[in-house]
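Undergrad: Sequence:
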Amino acid sequence: MTDHLSFLTKMNKESAPWLAPPHCNLSDGCCLAQNCTSLNSEVSIWPSLVYSLICVVGLAGNTAVICVIARTPRMRSVTNVFILNLAIADDLFVLVLPASIVEHVLRRWPFGDLVCKAVLSIDHYNIFSSVYFVALMSVDRYAVVASALHSRCLVWRTRRLAWMLSVCVWVLVVLLVLPFTFFASVYVNPDDDTPSCVLTLPSPEPVWFAASRIYSLVLSFLLPVSTICILYGLMLHKLKRTRGKALDRAKRKMTVMVSVVLAVCLLCWTPFHLSTVVALTTELPGTPLLAGLSYFITCLSYANSCLNPFLYAFLDDSFRREFRKMLTFRMGTNS
1 MTDHLSFLTK
11 MNKESAPWLA
21 PPHCNLSDGC
31 CLAQNCTSLN
41 SEVSIWPSLV
51 YSLICVVGLA
61 GNTAVICVIA
71 RTPRMRSVTN
81 VFILNLAIAD
91 DLFVLVLPAS
101 IVEHVLRRWP
111 FGDLVCKAVL
121 SIDHYNIFSS
131 VYFVALMSVD
141 RYAVVASALH
151 SRCLVWRTRR
161 LAWMLSVCVW
171 VLVVLLVLPF
181 TFFASVYVNP
191 DDDTPSCVLT
201 LPSPEPVWFA
211 ASRIYSLVLS
221 FLLPVSTICI
231 LYGLMLHKLK
241 RTRGKALDRA
251 KRKMTVMVSV
261 VLAVCLLCWT
271 PFHLSTVVAL
281 TTELPGTPLL
291 AGLSYFITCL
301 SYANSCLNPF
311 LYAFLDDSFR
321 REFRKMLTFR
331 MGTNS
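Using the working numbering, the first residue of the sequence shown is number 1, and each one after it goes up by one.
Misleading hints may appear alongside valid ones.
As the list claims (entries may be wrong) - Below 30 Å or equal to it, Euclidean Cα-Cα: the simulated DSBU-like pairs (lysine-lysine) are:
1. LYS253 x LYS325
2. LYS238 x LYS253
3. LYS240 x LYS253
FYI, nobody ran anything at the bench for these hints, they're computed from the structure.
Put together the whole structure using the sequences plus the hints.
TA: Below, the structure written as structure tokens:
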């Protein structure tokens, strides 16, 4: 690293992208104002509490989903293969979230360079894999709906193919996140010797900063979301044209569940990616309101990792029944 203060950005959703000025560790909730200390002290306690809640709820919920699908043969459908992989991605994220919580509380990174790379990499795996697996589920739903409306049998739609596609998604995500893994490192601020886990970007710093934002915006949001919108547009068009051919109850309920999971995913992630556009086009003043809004957007994106299990339990009878069995079994063994 050069002897001058590098342009640092921590793109692990620790705060919305518009709060990413030069020489700033986003885990501290830095703002665009030069003096952020007073702003941090007012809002920094709440993200740690919310992150901790998301960690506990997300770990319990996603682990329950993994256990239900893994131990129940009749739950191993094609759609549930994608749901299983989505739960694994969310579980990986909440498992490393305590490291970010510790850094947030201590205002320093205490774990070293290797853990820093692992945490930032897994964090980005979550950003990409969440929407990619939802997109894969949307492709699957489109195929099911289209075949049902035309009375066709999808002989190629098997669990084996679902697993092959899931592995391809994981490989793609790992490749897409490699640049962030490469630039992730522990940076020690020369002013106060405080270590931070950040992305250390080379010169010219502003160009690399903009490029990294555009890279994430296009590949983790615009491209997959555009694909999803096209598929759902085609699906609605087909349903409208074939009013007399209704889906059976099981297919209809599964389509509704996937649609709700998609809607919640977009609700949680759209504000974060919109803030990327703000970061690229606008320079906002640092205010307590802006800092609080940034933390809210961050918590909203984090929350997506713990909401899906509740959606499954609320919208799918099989998941709800298996969750109840698991809870009853656990209570019985503890009594």
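Undergrad: None of the hints should be skipped; say for each whether it holds.
TA: To see whether the hints hold, each was checked on the structure:
Using a Cα cut-off of 30 Å, the hinted pair LYS253 and LYS325 holds, with the two alpha carbons roughly 21 Å apart. Note on LYS238 and LYS253: the hinted pairing holds, with a Cα-Cα distance of about 18 Å set against a maximum of 30 Å. Between the alpha carbons of LYS240 and LYS253 the distance comes to roughly 18 Å, so the proposed pair stays at or under 30 Å and holds.
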